[in-house]
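K.L.:
Quick note, the sequences are listed as chains A and B, same order. Residue numbers 1155 to 1650, in this note's numbering, belong to the letters of the first sequence in order. Residue numbers 7 to 345, in this note's numbering, belong to the letters of the second sequence in order.
Derived from the structure by calculation, the hints contain no laboratory data. Where hints are given, some of them may not hold.
To be verified - Derived DSS-like pairs: lysine-lysine, alpha-carbon spacing no greater than 25 Å straight-line:
no.	chain 1	residue 1	chain 2	residue 2
1	A	Lys-1330	A	Lys-1377
2	A	Lys-1460	B	Lys-241
3	A	Lys-1493	B	Lys-241
Here the structure is a predicted model, which means the values were calculated and not measured.
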Amino acid sequence: MTGIEISFPGVRALKGVDFEVKTGTIHALIGANGAGKSTLMKILAGVYDHYLGEIRIDGEVVEMRTPREAKKHGIEIVYQEVDTALVPYLSVAENIMLNILVNAMGGRQFVNWNEIHAAAKAILKRIGIKIDTHELAQNLSLAEKQMVLIARALAEERKFLVLDEPTAPLSNTETKELFRLMKDLAYNHNVGVIFISHRLPEIFEICEVVTILRDGRVVAEHKVNEINQKQIVELMLGHRFEETYPKQKVDIGDTLFEVNKLTTRGFEVEDINMVVKKGEIVGVAGLVGAGKTELSKAIFGAIPHKQGTLLLNGRVIQVKNPSQAVKRGFALVPEERRKEGVLVEEPVYTNLSAACLNVFTNSLSFIKNKLERNHAKRMIESLSIKTPSENQKVAYLSGGNQQKVAVGKWLSSNADLYIFDEPTKGVDVGAKHEIFELIGKLAAAGKGIIYVSCELPEILGITDRTYVMYDRKIVKELETAKTNEAEILFYSAGGI
Amino acid sequence: MQETNLDQPKAANIWPLIGNFLVKWGTYLTIVVLVIFFTIMTYDKSFDMYPFIKTSNVIQILRSISIVTVIAIGITISLTINGLDLSVGSVASLADSLIISAFVWYEFGLLPAIVFALFGAVLVGLANAFLIVKLRIPDLLATLSMLFIIEGVAMTYTGGGSISEGMPNLDGTQTVGRLVPVFKELGLAPWIIIIMLVVVLVAHIFLNYTKHGRYLYVVGGNIEAARLSGIPVDKYRTLAYILAAFMSGLGGIMLAAKVGSSQINAGAGYLMPAVAAAYIGFSVGGSGKPNAIGTLTGAILMGVLDNGLVMMSVPYYSINIFKGAVLAIALATTYFKKK
């Protein structure tokens, strides 16, 4: 691929990328969030038809404007979200043979089941995986689903296989299995494997060449034995556009909240120890898939606990569900704003009172309509939510204003501990600044804040202390004033 | 030339307004059109009167829809949490059998009999909630199973037959119990209509002006957001199914009062009209949500249709053709815009 460029409304995602992969090798592609890794691979897979530049295979220029063309040229991509690519209620065999069932049936109208199962079995055997081809895809584990997708990729002759962060949801043994498969493909079947990962140790374990992307450009390409973890991190970061953070000085008080040895029932997070003091903004950093969102939900009681205790003001408390968490004075602004944070079909005023409706009801639990609306008007003004009136449906607000609503609904509940999970996701710069100011005000009022983000500048900009997560555990605690992006990223990527 | 140029943007602006108006008030408009249509069509030349809009006929229509409306309110409440209770007809049958048996077999007084019947209904609501909230069976399937189970329970309870005053017990001995006279009154106008209006009013206030009603809508709107707002989601879903069963039980009691005896599976026929009324009600006044007043309007629409078609001497076996067609038109006004 030479001189690849692509733009989306408002962003130039790739600015002239040259990228070359040989068959029979495992090639790593690495970069910080938003560097353009996934975009580049999607171009290769024919997802976008408006890229500029040239793609050559065996020296011949080819067009990759549709997924069909990409498949024809022997390129297959396995996306991170395996569930979007599988049909849950079809069997393993049908899922593996899906491309052939769809594209290569020709004039035949009937499916030959024996043939399909035999072919699927042959592919699974070739890559050394034991899954019953009659099993339904929905009953498989995450790792098995990924294997099925890889098997699908191999149902036809493939020259290149792209794996977009395949190890994020996998356990150690499952990861080993995947690596064995990748090596087998590269060395015994002469496939070029492109491996996207955030995890540095994995890259050193399995890849031969690493290409580092930053801000839509290739900044370096090295053999892995010529480079070390620290150098990669430095290349990923480079110099960045600096944002300003309205961090105010707040006196930090006594310990407000403590987590001791918390492990969730499904092992979404393990052995978590945390302390939050009054007036303190505590960051939780880590890459996508490290378990940050799971941690915030576990603290809020939305994920059941297996063991461990939570302490509020020194006393052990029970938080079995979000309803109890709210009663204890917790507030969560969740990551998936539209799915979990706001009620898009409801007007602004209902959203702003949803978490603290008791404040607006009389003893017979009738809602005091005027009080509720006046409160909504005050909130709209103090948070400068841009909406024609409090009756507007939240669905029609912009992302930043929706987020303000999601934050605003907690401000009247008089919570003591606020958990923000990626609050700036999909929010424009102006609104971002306002959200930071709001968080600063909460801290100044003596509240405890847990700020979860994979944006390192934000973590550095507004927190006092930061926990770094990697692979479902907290691996490091850092004083924000004494650390830098490189150090956080180093620990986030599993560096030791 | 100039005139047409000026007119075109105007016309383009007016159509969405009209469409909006139709979506909001289409149901009322349909009712008005139907009333005018039936009034004219049933004009009696020999007496020079319009029998369709005579007070007695209006009362007849309201009386005929009262049971459907109350059951439909039950469905409406189950719809607020984004569920659909299909067992309402069977629950009405059960309550119908329970209350008549309480009078005839056990010689209960009015209040104990009503409490007995409603208690039975609420138990079914709890069972529904258990299947849906605890066992996580999808609402349609859970209440569908319950539809069959309760139909069977009600028939088994009555020994597969009807219950009426003066009939022998299942073991052949004579019964002495009688329906309380006040109870029979409840099945007549104005009481049965008053009960319906009170139920609609209470449901309307409950859903729109109390915390609990608000929570029901929030749970239905986005269950995950509701949960993460600290609303005890399971509690409110359980409440919704209990209230739905309670309303169906009340409908069954009204049915018993109206008929004066308990017939096999008497409530089953009310399920689909009640579902239709609740769904028609979504669009009324532009609320876009299940709501009590809308449900009443939906029931009135169907009552007017039923009554008018009978008065026009459309054969009973053909009436459903027209009912279905008008239902489709009414729903088209609701969903047409949502493309």
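K.L.:
I'd like to know which numbered hints this structure contradicts. Please list them from smallest to largest.
P.N.:
none
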